[in-house]
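J.: Given next are the chains, with one letter for each unit.
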Amino acid sequence: AQTVTQSQPEMSVQEAETVTLSCTYDTSESNYYLFWYKQPPSRQMILVIRQEAYKQQNATENRFSVNFQKAAKSFSLKISDSQLGDTAMYFCAFPFGSNFGNEKLTFGTGTRLTIIP
Amino acid sequence: DTGVSQDPRHKITKRGQNVTFRCDPISEHNRLYWYRQTLGQGPEFLTYFQNEAQLEKSRLLSDRFSAERPKGSFSTLEIQRTEQGDSAMYLCASSLLTSRPGTDTQYFGPGTRLTVL
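Chains A and B, in that order, are what the protein sequence lines are. Under the working numbering, the first residue of the first sequence carries the number 492, and numbering increases by one thereafter. Under the working numbering, the first residue of the second sequence carries the number 55, and numbering increases by one thereafter.
Simulated from the structure, these hints should not be mistaken for laboratory data. Cβ coordinates follow ideal geometry from the N, Cα and C atoms, glycine included. Hints are supplied without guarantee of correctness; some may be wrong.
Cut-off 20 Å, straight-line C-alpha distance, at most; resulting in silico cross-link-like pairs (SDA-like, lysine to any residue) [to be verified]:
hint	chain 1	residue 1	chain 2	residue 2
1	B	65	A	561
2	A	561	B	157
3	B	65	A	532
4	A	546	B	140
Rough simulated footprint, nothing fancy, chain A against chain B, three-plus residues with beta-carbon under 8 Å [claimed, not checked]:
hint	stretch
5	92-99
6	158-165
The following residues of chain A were derived to be distant from chain B, with all beta-carbon distances above 12 Å [what the hints assert, rightly or not]:
hint	residue
7	511
8	513
9	530
10	537
11	551
12	569
13	584
Produce the entire structure from the sequences given, and follow the hints as far as they go.
T.: Given below as structure tokens:
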């Protein structure tokens, strides 16, 4: 089955704290990217970070980093020094079918993150 | 560099009416995707184009739905005889086909929110 699972429907943290959002997926494919997208309330879906599966080094983008465990099929997002603007719905996404030329994304159910002032 | 644009941003229609949405991708992107997102859920794949060719349609895309990308640039999504269950956010995304499967990065537009009364 091609599934992406986000087990935390909602999370909240104090401003400036660190928070980790979890994501697991199930695939037999070998080379792929994994993605985290952010969707603020009534706003556009924005790419936060992507991870190349064949790279052992975890991706980092400023305050955002991933912990990618390929064997465990786990792809968590860590947000350091959280800011009020980080309040959003966060989706993990995987391109199932990519080894057959289709890059359509399958999204998890999302984690609603609230940063508390 | 302009991003993905969608028009209209909001559409309210009565059940049974036809509606058409437009998506303009990032100019050099040759792949274009349509997704549907209902409240509190992640986006679900509907269909995608590579240049002007429609390469895959989800089973979510009933016969009432049709999509086109006539010159490989903008795309339209038409829903005929709308039903209340069609109420959702319709998202468009575009990407640039790369040489390695699974490594396209999709950039999303702001979406068109459809309400069927």
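J.: Quick check for students: does the CB of residue 537 of chain A sit more than 12 Å from each CB in chain B?
T.: Answer for residue 537 of chain A: violated, closest chain B Cβ roughly 8 Å.
J.: Tell me whether the statement that chain A covers the stretch 158-165 of chain B is true, taking a Cβ distance below 8 Å and needing three residues at minimum.
T.: holds (count 8)
J.: Taking the shortest Cβ-to-Cβ distance between residue 584 of chain A and chain B, state whether it exceeds 12 Å.
T.: Incorrect as stated: the minimum Cβ-Cβ distance to chain B is 8 Å, not above 12 Å.
J.: Could you grab the alpha-carbon distance between residue 65 of chain B and residue 561 of chain A and see if it respects the 20 Å cut-off?
T.: violated (42 Å)
J.: Would you check whether the claim that residue 511 of chain A is not at the interface survives, using Cβ distances to chain B and the 12 Å cut-off?
T.: Given a closest Cβ separation of 19 Å, the condition holds.
J.: Does the alpha-carbon distance linking residue 546 of chain A and residue 140 of chain B stay inside the 20 Å limit?
T.: violated (40 Å)
J.: Beyond 12 Å from every Cβ of chain B: is that where the Cβ of residue 551 of chain A lies?
T.: Check passes; 16 Å lies beyond 12 Å.
J.: Against chain B, does residue 569 of chain A hold up as non-interface, every C-beta pair farther apart than 12 Å?
T.: holds (20 Å)
J.: Taking C-beta pairs only, is residue 513 of chain A more than 12 Å away from all of chain B?
T.: The assertion about residue 513 of chain A holds, with a minimum of 15 Å to chain B.
J.: For a C-alpha distance cap of 20 Å, please report whether residue 561 of chain A and residue 157 of chain B respect it.
T.: The hint holds at about 16 Å.
J.: Just to be careful, I want the Cα atoms of residue 65 of chain B and residue 532 of chain A compared with a cutoff of 20 Å; is the pair within it?
T.: holds (19 Å)
J.: Between the stretch 92-99 of chain B and chain A, see if three or more residues pass the 8 Å beta-carbon test, and mark the coverage as holds or violated.
T.: holds (count 6)
The structure is inconsistent with the numbered hints 1, 4, 9, 10 and 13, although it conforms to all the rest.
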